[in-house]
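Undergrad: Sequence:
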Amino acid sequence: MTLLHANSRFCILEAESESSPIDSADSRTRTDRLIRELSDAVLNGEFAPGDKLDEHSLAERYGVSRTPVREALRQLATSGLVDMRPRRGAVVATLTPVRLAELFGAMAELEATCSRLCALSMTPVERRRLEELHASSEPLVDANDAEGFSAVNLSFHSALYAGAHNGPLAEITSGLRSRLLPYRRAQFRTPGRLPRSFAEHGVVVAAIVSADAAAAHAAMLRHVSLVEDSFERLIAATRSSPAA
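Numbers 1 to 244, taken from the working numbering, label the letters of the sequence shown in order.
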């Protein structure tokens, strides 16, 4: 290889290494935004169960390339909102109320166990950080910032998984949460849900900080059951609306 060729190759690699993180971050942002918009459209009834989700049409609708569309559909398939079928592509899934109730029931038990273990195992530093994380969401409640609160909410629950200090439990709980994420995020469109969720988190935090394992378990069970209830009321209201 000549010196000129080597230098040129080095410049190309250097340019790629400098641009790749930015390009990757932009792609991740586009995909995340598309996941939110697509899941909202499905949950709002804009796409009915059985509807084909064509990559080209979706790319045009949302003003993106087909790459983030393809990735978004793959991720929505893990949540059960979308079915990926051979030769037919992606279609809107039919998730029965019974199946959704089973998923929320499992989620409640897993998160309640994480909360109980947090009360027993969290270090003083972790407890203090959990309190600070919870407090950071209060201004978002006051501003009625559903998107901002949803982001902090995800961090809050992730802190509980980590604070349980049980790797396999954290992994299983995180995986199930990913499946339910569109449904859990949708709840924040229910009127008055943000302050109620904040208050429910406060009960969980208080129990963990005081090392009351039984209270932490019970508080999280109740919280997730109310999340499910809020989602169900939101969907019922959406489907009964004249615009739906």
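Some hints here could point you the wrong way.
[Said to hold, decoys possible] Pair ranges (Cβ atoms, derived):
{"id": "1", "residue 1": "Arg87", "residue 2": "Arg128", "range": "24 to 34 Å"}
{"id": "2", "residue 1": "Arg87", "residue 2": "Ala135", "range": "50 to 60 Å"}
{"id": "3", "residue 1": "Ala135", "residue 2": "Ala214", "range": "16 to 26 Å"}
[To be verified] Derived SDA-like pairs (lysine to any residue); straight-line CA-CA distance at most 25 Å:
{"id": "4", "residue 1": "Lys52", "residue 2": "Ala162"}
{"id": "5", "residue 1": "Lys52", "residue 2": "Ser65"}
{"id": "6", "residue 1": "Lys52", "residue 2": "Ala211"}
{"id": "7", "residue 1": "Lys52", "residue 2": "Ala41"}
Quick caveat, the hints were computed from the structure, so don't treat them as lab data.
Each residue gets a CB set at the ideal place from its N, CA and C atoms; glycine is no exception.
Undergrad: Just tell me: holds or violated, for the beta carbon distance of Ala135 and Ala214 against 16 to 26 Å?
TA: holds, 24 Å
Undergrad: When you check the alpha-carbon spacing of Lys52 and Ala162, does it fall within 25 Å?
TA: Given that 25 Å is the threshold and the Cα spacing comes to 38 Å, the pair is violated.
Undergrad: Take the C-alpha atoms of Lys52 and Ala211, compute the straight-line distance between them, and say whether it is at most 25 Å.
TA: violated, 50 Å
Undergrad: Verify the CB-CB distance for Arg87 and Ala135 against the hinted window 50 to 60 Å.
TA: This hint holds: roughly 52 Å between Cβ atoms.
Undergrad: Are Lys52 and Ser65 close enough, with their CA atoms no more than 25 Å apart?
TA: holds, 18 Å
Undergrad: For the pair supplied as a hint, Lys52 and Ala41, is the alpha-carbon distance within the 25 Å limit?
TA: Status holds; Cα separation ~13 Å.
Undergrad: Indicate whether the distance between the beta carbons of Arg87 and Arg128 respects the range 24 to 34 Å.
TA: violated, 54 Å
In summary, the structure is inconsistent with hints 1, 4, 6 from the numbered list given earlier, while agreeing with the others.
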